[in-house]
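Undergrad: This is what each chain is made of:
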Amino acid sequence: TQLLEQSPQFLSIQEGENLTVYCNSSSVFSSLQWYRQEPGEGPVLLVTVVTGGEVKKLKRLTFQFGDARKDSSLHITAAQPGDTGLYLCASKYNNNDMRFGAGTRLTVKP
Amino acid sequence: KAGVTQTPRYLIKTRGQQVTLSCSPISGHRSVSWYQQTPGQGLQFLFEYFSETQRNKGNFPGRFSGRQFSNSRSEMNVSTLELGDSALYLCASSLASWNTEAFFGQGTRLTVV
Chain A
1 TQLLEQSPQF
11 LSIQEGENLT
21 VYCNSSSVFS
31 SLQWYRQEPG
41 EGPVLLVTVV
51 TGGEVKKLKR
61 LTFQFGDARK
71 DSSLHITAAQ
81 PGDTGLYLCA
91 SKYNNNDMRF
101 GAGTRLTVKP
Chain B
1 KAGVTQTPRY
11 LIKTRGQQVT
21 LSCSPISGHR
31 SVSWYQQTPG
41 QGLQFLFEYF
51 SETQRNKGNF
61 PGRFSGRQFS
71 NSRSEMNVST
81 LELGDSALYL
91 CASSLASWNT
101 EAFFGQGTRL
111 TVV
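For the record, the sequence lines run as chains A and B.
The numbers in the working numbering rise by one with no breaks, and the one at position 2 of the first sequence is 2.
The numbers in the working numbering rise by one with no breaks, and the one at position 50 of the second sequence is 50.
Careful: at least some of the hints might be erroneous.
What the hints assert, rightly or not - Residues from chain B that keep clear of chain A, each with C-beta distances beyond 10 Å, as calculated:
| # | residue |
| --- | --- |
| 1 | 28 |
| 2 | 43 |
| 3 | 70 |
Said to hold, decoys possible - If you want a taste of the chain B side facing chain A, the calculated C-beta under 7 Å gives, among others:
| # | residue |
| --- | --- |
| 4 | 101 |
| 5 | 104 |
| 6 | 105 |
| 7 | 106 |
| 8 | 107 |
| 9 | 111 |
I should point out that these hints are in silico values taken from the structure, not numbers from a laboratory.
Note that the structure is predicted; figures quoted are calculated from it, not measured.
For glycine and all other residues, C-beta sits at the position ideal for the given N, C-alpha and C.
The whole structure should be built from the sequences, with the hints applied where relevant.
TA: Spelled out as structure tokens, the structure:
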């Protein structure tokens with residue numbers, strides 16, 4: 001059973017469209033990280049959210065942490081082909097190992 | 001500042017052999033974690049080392065082992081390789097065991113034939 005549930009699993013859109021991907025858990029996160037991974041490479045850290053209700057922006061990417069710190073979303077505005085990749089959410093439970101969601105595989109077509 | 005370096009990038013081994021993978025963390029980082037990534041299972045935690053001590057271990061058989069040296073560099077070893085061990089093995093470094101932000105290397109792609 002995945003501790004972190006990500007949806008959708010796959011997403012294919014046209015350049016210029018907006019999209020939102022989700023990360024949910026039944027547990028409360030102390031913090032949550034979002035990563036992007038390109039084929040054949042390691043995940044690259046995009047952002048860390050810590051406070052319930054927090055919103056962080058990274059250019060066209062907007063990250064939101066749920067008020068109860070059990071869920072998070074990533075919204076991309078005007079997606080570009082360079083946004084293509086596997087988006088992973090991750091969290092450390094009780095200072096133990098980092099757990100990852102299964103990821104959302106995003107394809108942005110030109 | 002150099003990132004996380006993993007060697008080798010690619011490796012092909014036959015069943016029954018053993019393999020050692022290496023990871024050099026970011027300078028100043030003392031925690032190193034290892035992950036196995038496969039299309040079916042996603043990113044699975046193997047183990048974490050901090051100050052040369054294994055702090056956490058995932059649900060993998062004893063064929064998977066690791067160690068960390070005094071300079072924080074880490075190695076992982078897989079003995080008696082099986083076909084199912086074919087995967088991308090990723091190393092991540094953090095400042096300390098309790099830090100939540102991890103920085104990954106490019107991984108070692110292991111193929112077992």
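Undergrad: Each hint should be assessed against the structure and marked as holding or not.
TA: Verification of the supplied hints:
Every Cβ of chain A is farther than 10 Å from the Cβ of residue 28/B; the closest lies at roughly 16 Å, confirming the non-interface assignment. For residue 43/B, the shortest C-beta to C-beta distance to chain A comes to about 4 Å, within the 10 Å cut-off, and the non-interface label is violated. With 10 Å as the threshold on Cβ separation, the claim that residue 70/B sits away from chain A holds: the shortest Cβ distance comes to roughly 23 Å. Annotation: residue 101/B was flagged as interfacial toward chain A, and the flag holds, the nearest CB pair being 6 Å apart, inside 7 Å.
Annotation: interface hint on residue 104/B holds; nearest CB of chain A at approximately 3 Å, less than 7 Å. The restraint placing residue 105/B at the interface with chain A holds, with a minimum CB-CB distance near 5 Å, inside the 7 Å limit. Taking 7 Å as the C-beta contact cut-off toward chain A, the hint placing residue 106/B at the interface holds, the least distance being around 5 Å. Below 7 Å, beta-carbon pairs count as interface contacts, and residue 107/B has one with chain A at about 5 Å; its hint therefore holds.
Here the hint on residue 111/B is broken, as its CB sits about 13 Å from the closest CB of chain A, past 7 Å.
Consistency with the previously given hints fails for numbers 2, 9, ordered from lowest to highest.
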